[in-house]
Amino acid sequence: MKTFEYDIAIVGGGLVGAAIGWGIAPSRPRIAILDEGDLALRASRGNFALVWVQGKGAGMPRYGMWTLRAAESWEAFAESLERQTGIDVQYRQPGGFHIALSRGELDRRLADLAQIQAQPGMPTIHLETLDPAALRTLLPEIGPEVAGATYSKHDGHCNSLRLLRALHTGFRLHGGTYLADHRVDSIAHAHGEFRIATNGGEIRAASIVLAAGLDNARLAPMVGMAMPVHPVRGQILATEKTGRFLDYPVSTVRQTDEGTVLIGDSREEIGFDTRATTDVLAAMADRAQRMFPRLARLNVVRSWAALRVMPRDGSALYEASSDCPGAYALATHSGVTLAPNHALVLARHIARAERTAEPFQAFSARRFDVPKAA
Amino acid sequence: MFRRLRDDGEIVTIRVDGRLVDAVAGDSVAAALLAAGVARTRVTDGRGEPRGPYCAIGACFDCLATIDGIGNRRACTVEVAPGMSIETQGAKREITR
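First to last, the sequence lines map onto chains A and B.
Heads up: the first sequence begins at 1 in our numbering, then just goes up one per residue.
Heads up: the second sequence begins at 1001 in our numbering, then just goes up one per residue.
The set of hints was computed from the structure by calculation and includes no laboratory data.
No experiment lies behind these values; they were computed from the predicted model shown.
Please note: incorrect hints may appear among the correct ones.
What the hints assert, rightly or not - Some, not all, of what chain A presents toward chain B, calculated at C-beta under 7 Å:
(1) Lys241
(2) Phe245
(3) Asp247
(4) Gly259
(5) Thr260
(6) Arg302
(7) Ala357
Built from N, CA and C at the ideal position, the CB exists for glycine as well.
In isolation and in its complexed conformation, chain B is listed as follows (with noise of 0.2 Å):
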């Protein structure tokens, strides 16, 4: 769906829900979901529909993913790093992520 304009960025490995992708420092979170062709990061919380990236720069908080352990993180608005870890989410957040 999305491809990069430049491939000439420093990988960097994450792992989304499990998986080991390779993403390009300096690439968000939702940028690198995006380019490994993840475009669901969540479902809303009434009526289970799927949600991504949309505004990509922190407004509409439609892209929201547990990063590192922490439910409801904006993924347009984080940074990917080395060994991260991004689950998206199929419900609610639970107050123990």
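The following block holds chain A by itself, in its conformation from the complex (with noise of 0.2 Å):
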């Protein structure tokens, strides 16, 4: 068996891991990335890019906050990027629409934003209700089923696989290692080091970031630490190209910069099942044309399913281990909308082994811990 040592070993090569990455290695340039092969279940390659905002923060003002701040960054981050690597992640924020089919889901929608907006400590998210007239000023192709919508400037979108590709481009030009097939089987913690069995060999570092999705779920406790994480399906039809008609993101129909729009509109609690099915599949193509009739006359050329890391109260969980000092977890399901955060504010937090950093205080899992008021 081969050893390698790192100052840093990162688990796991999606969005959350290639960030962390792409953030540290300029400082660290020792770091290693193990990924999976390609077998792997991978959110980040199957998810919708938007970068959004309204509607976050539920339950927990701080999420609200950490994802403003990640969509004010996301410029900047986005020319950073392509300075670097020559990569155009097409992120584009023209604020972003969430679309009513009747009244009653209006109504509801409203309520919900409200509730949001009026918790203590939740900043000002931009939030503006059009009606179908004014929308239709704005989006031309709504149909007449369309009973409204909210807008927020904040939102946009992206192209998440060139982000991918981007912060992978860009880890690598800073002098750090991608090992793909190196599944972590077993990670041990003595005389401060972490020795990580793989099916790549074992590595060897000095402090070990888990960024492995689903599976912190069962990584994290090997190295002290709890990541209560579950898989929510999301299922995506793309179209064929065509030419543009939707200027604006909405929640889950969206046009991409070459043309294909891509329809995502499923939640499903269902395990480890990253089937595509017609049942669903089908719901959504009827929304998605109820809400822009002539999406009927394209032809659809792709589905997929794929599984959101989903933590237990739906924001962000980072943890800085206090029993293996020098292991980390991250885990959440906007990989793309707080790619920044990650890339720019947890790197340099984990860069210089602050354990103690705020992020880590207010995402930690131990607010899984306080009992509920009966």
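From these two lone chains plus the hints, build me the complex, please.
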């Protein structure tokens, strides 16, 4: 068995691991990303690529603030990625819509957003409500069933596959090492060192960052942490490329820079099942064409499903281990939106071994230990 | 570029980019276009490169054309009909077509 030595080993080569690696590598180039093979569960390759703020922060205003901070950092982050790697991740922030197909849907939406905004400590999230006539001036293809929409100027979208590639490219340009087919079997901590047993050999590192998505639930207890995450399936339909007709991202329908229309409107708690199913896809297509009737004319060319990495309360989990100093674990279902925070904020804390930094306090899994009032 | 093996079919007149073209009953649109010397039915979405009938069995999606007002139809899988209107595509399909 081969043995390698790194200052920092990151377990997971998705958007979270790659963002952390990209952020740390310039100051600590003895860093490795240990990734699985092609058959891994890969939320980062199946996601919808929204950079989204409206609706975030329910039950946890600190998460609303963290999300807003990320959205406000995104433009400069995308520019620095392009400057460094030449890859344009197609970040656009024209603001985004959430469309309601009935008065009842709209009322529920407004009540939910009002409740989020009313929480003590919640930052002010820009929000407008548009009636169908006002909406039609911005989204001319909406259909007669549309009852209205909420709009926030903070919302946007990007090309998340290019984002993943840019992060990996930049990581390697800074001297980072990417190791595919290194699925982690076990982690041992002794004498200030982590010994990581993988199917690609043993890796030794002074510090370890678990960014393995759903597998963090298995790995984190090996280094004294809890990561209560579970899979939430999301399905996506992709149409043929079409001339631009949608200038804004909608929470469940967006047109990519290349013209493809993506429809993603499912949240299914069905365990570790990555199959796409025709009943859900049909329901999604139905809602999408009620929003934009002319979508019915387009040919669907692909569909897929992926599993969101969902913390128990739908926010994010960031943990610095007390039992095993130097071990960190990160889990979130918003790897796209939060990428600048991971790359610029958490990466710096980890590079400087700041175990008590505020995000590791605010987003610790210890929040689940507080007994609920009767 | 192409010539017909037989010339005894029933003539079906169609329009290609506004021009009247004689096809033969039973032709696919792709065959009729090739027989009429139209090899480019569309351009690629990314780089605008020319594309036309290639596999001729519905698999490659290279021969997409606008047929009777509907964009991105596979010309090799549609049979000609009298009065049919075919438009070659110089850009991505529009959602209105």
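Hints, verified against the model:
The interface hint given for Lys241 (chain A) holds, since its Cβ lies 4 Å from the closest Cβ of chain B, which is under the 7 Å cut-off. Checking Phe245 (chain A) against chain B by beta carbon gives a least distance of about 5 Å; that is within 7 Å, so the hint holds. The interface hint given for Asp247 (chain A) is violated, since its Cβ lies 13 Å from the closest Cβ of chain B, which is over the 7 Å cut-off. Interface hint status for Gly259 (chain A): upheld, as the beta-carbon distance to the closest one in chain B is roughly 5 Å, under 7 Å.
Below 7 Å, beta-carbon pairs count as interface contacts, and Thr260 (chain A) has none with chain B, the closest being about 9 Å; its hint is therefore violated. At a threshold of 7 Å, the smallest CB-CB gap from Arg302 (chain A) to chain B is about 13 Å, leaving the interface hint violated. A hinted interface residue such as Ala357 (chain A) counts as satisfied when its beta carbon comes closer than 7 Å to some beta carbon of chain B; here the least separation is about 44 Å, so the hint is violated.
Checked against the numbered hints given earlier, this structure breaks hints 3, 5, 6, 7; the rest are met.
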